[in-house]
Structures are given as structure tokens and as C-alpha cells.
Amino acid sequence: MTDTQWQTFEVFHQGKRGEPHIHVGAVHATDPEMALLLARDQFARRLDCVNLWVVPSDQIFATNYEDAEALFEPATDKSYREASGFPLRDAIKKAENWKEE
Amino acid sequence: MMDTNALIALLTSFADDELILGHRNSEWTGHAPIIEEDIAFSNIAQDEMGHALLWYTVLNEQLGQPLPDRMAFFRSADQFRNAQFVELPKGDWAITIVRQYLFDAYEQVRNAELIHNDFQPMVEVVSKIKREEVYHLMHSKGWLLRLGDATIESHVRMQTALDQLWPHALGLFEPIQEDTEYSNKLRDLRQTWLDTVSPILQQATLIIPPNVEPVFGGRNRQHTLHLIDLLKDMQKVARMESPETVW
Chain D
49 MTDTQWQTFE
59 VFHQGKRGEP
69 HIHVGAVHAT
79 DPEMALLLAR
89 DQFARRLDCV
99 NLWVVPSDQI
109 FATNYEDAEA
119 LFEPATDKSY
129 REASGFPLRD
139 AIKKAENWKE
149 E
Chain L
18 MMDTNALIAL
28 LTSFADDELI
38 LGHRNSEWTG
48 HAPIIEEDIA
58 FSNIAQDEMG
68 HALLWYTVLN
78 EQLGQPLPDR
88 MAFFRSADQF
98 RNAQFVELPK
108 GDWAITIVRQ
118 YLFDAYEQVR
128 NAELIHNDFQ
138 PMVEVVSKIK
148 REEVYHLMHS
158 KGWLLRLGDA
168 TIESHVRMQT
178 ALDQLWPHAL
188 GLFEPIQEDT
198 EYSNKLRDLR
208 QTWLDTVSPI
218 LQQATLIIPP
228 NVEPVFGGRN
238 RQHTLHLIDL
248 LKDMQKVARM
258 ESPETVW
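Listed in order, the protein sequences are those of chains D and L.
Per the working numbering: the first sequence ends with 149, consecutive numbering throughout.
Per the working numbering: the second sequence ends with 264, consecutive numbering throughout.
Only chain D is shown next, with the shape it has when bound in the complex:
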């Protein structure tokens, strides 16, 4: 059986000028103009909105979930690269105590 579904468009919503467009979902539509009209009703009625983007879903390129570990999980301890990796709080405490003395 042939697929009679229309293509989907990913919808990106902007709440205020200057803010980033945030992905909020997808709509079925025949073309981008129709997608914008339908996106307005699905996603912009109850949220503040100044702008919408739609992008054909097949134009989104994504990583594979199977690769998530290889791509995103560190193999060795790299906590020193993160702010939380530094025992800064202890240093601050020490400095404060020193001032009091």
C-alpha cells in the first residue's frame, strides 16, 4: 500500500525577539506555507509567540542513538574540564575563614 500521509515539518517556536527558536514538535502538511498555518494552531495559540520556523523533517540530520555512548560518554575522568570539577567552594570557605580570623 502506498503511503498517503503528507510529509512532516519540524516546528520551531520563538517566544520573544532575540530569543532562540525552540523545537516544539511537528505537523503534517503539503508544503511549507500550509505547515506554518497549521503550526500556528498547534503550537502558538497558548504560548507567547513572535515567530515560527518550519523545516522539512527529512532535512534534519541527526546522530544515531547507538552512537550515543561513543560520542557523548567520556571514557576517562574529564571532570577537571568542568567547573564542578574544581573544589572552588572549599577554597572560598577557607578564604572567608581566614578573613574572620
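Take these hints with a grain of salt, some might be off.
Unchecked claim - The following label-pair restraints were derived from C-beta to C-beta distances:
1) LYS249/L <-> ARG93/D: 29 to 37 angstroms
2) ILE70/D <-> GLN181/L: 29 to 37 angstroms
3) ARG93/D <-> ILE169/L: 30 to 38 angstroms
4) LYS64/D <-> LYS253/L: 40 to 48 angstroms
5) TYR113/D <-> LEU211/L: 53 to 61 angstroms
Hints in this document: simulated from the structure, not taken from any laboratory.
C-beta atoms are modelled at their ideal positions from N, C-alpha and C, and glycine is treated no differently.
Given the coordinates of chain D, assemble chain L onto it according to the supplied hints.
Leaving out everything else, chain L in the frame of chain D:
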């Protein structure tokens, strides 16, 4: 300033158009061609109900007519002034889209005229509703242009819908007996409306049926059996309840 009886008749016709078309459109809730359109079209139906409420509120607060709920749920068909155009059954999606487009274009033309009226409450309602009407027109025009020449089936359905609806659409411009001031402008309004819809229908590859007589009646409270059926359905719950019921 218009005569009070003329104003009452005129505003009732605006309110009733919105209420009846809103109800017809709400019949698509759960049945529209795709889920996204189901939500969009239900939203438009609600908008129209909201516009009806604005008109009924002016009728009540400024012109001494009954409360909006009484106007909507406790009048009989021979007290309604909507054009017969909006009471016709929703038909297929082509009927619905052709009617919605012709009506949205009519409202745009009508609102552009009403905004200059010297009855201030009328001007205030028009300023409130015209933003939503811009979106309604974008929506119905979008569907009309796509379905007009998408496939042979969609084209035939759209042309059939236009042939069937056109005489009733012309009935939107029926003069109201109680009124002369606004009625005198109807010929110009109809021409402006024709100039608006003709190129769009042409772009949708649809042909306006020639030499058609308008179907009048609705504006002067004459209706088809379809309105009686619609009211039976729409007013059923309100008439079942005792007046003390609080929702």
C-alpha cells in the same frame, strides 16, 4: 447615526452569521481530514462563536436586546437573521472550504466598511475581530488554492461546491427591510467582494457560475429546514436545563 431598529436588525444578522457558521464548523471537530486541521478548524469555529458573543453583547448592553445566551439558545428559526448561506449543511470538505473562503472574504470587505460607522460599539467590535479574520482568510484561502487544482477529484469537488454555494453566497448581500442606510451600501460591498474573490477563484482554476440569481430570505428571517435542524441540535442542552443551573 442609524435608526435603532435598523441597528438591532443589522447587528443581529452579523451575530447570527457567526454563531450559525461557528456551529456548522464545529461539526468537523473529530472528523476533519487530518488531526492538525481538526485542531485548526475547531479553533476557527470557537473564534466565530467568540465574535458572535461580542455582537450579542453589544445588542444586549447598548440596544436592550436579551442576554447573549437567550439570543443563542432561546430564539426560534424565524427570529434568526443569518444568511441561508451559513445554515446549509457542512457537506464535504470542499463545501466547507469554499463557504469558509467566501465568508471570510465577505467579512473582510464588510469590516472595512463598518470601521467607519458612527456607532462606536460597532467600531470597537470590528477592531477586535479583524485581526483573527486576517488569519481565517489566510487559512481558508490556503486550502482553496491547494484543492482547486490539486487532483481531478479535488477540482471537481471544489467546482461542484462553488456551483452549489454561489447563489447562497450572493444572499450575504440581502438588504434588511428595517434598514436603508447600510442596505444602500450593499451593492458596492458586493462589487468589492466580487473583485476580491474573482482573481483568487480564478487562480484556484474555479469558474464562477454565470447569470446566477441570489438566494435571499435569511436576513429577513426566512430560513430553510436546515436551520431548524441545526437549532434543535445546538439548543438542546440549554433548553433541557432549568434556568437556575450553574455550570
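Worksheet item: Which of the numbered hints above does this structure break?
Response: Checked against the structure, the only hint that fails is number 2, while the rest are satisfied.
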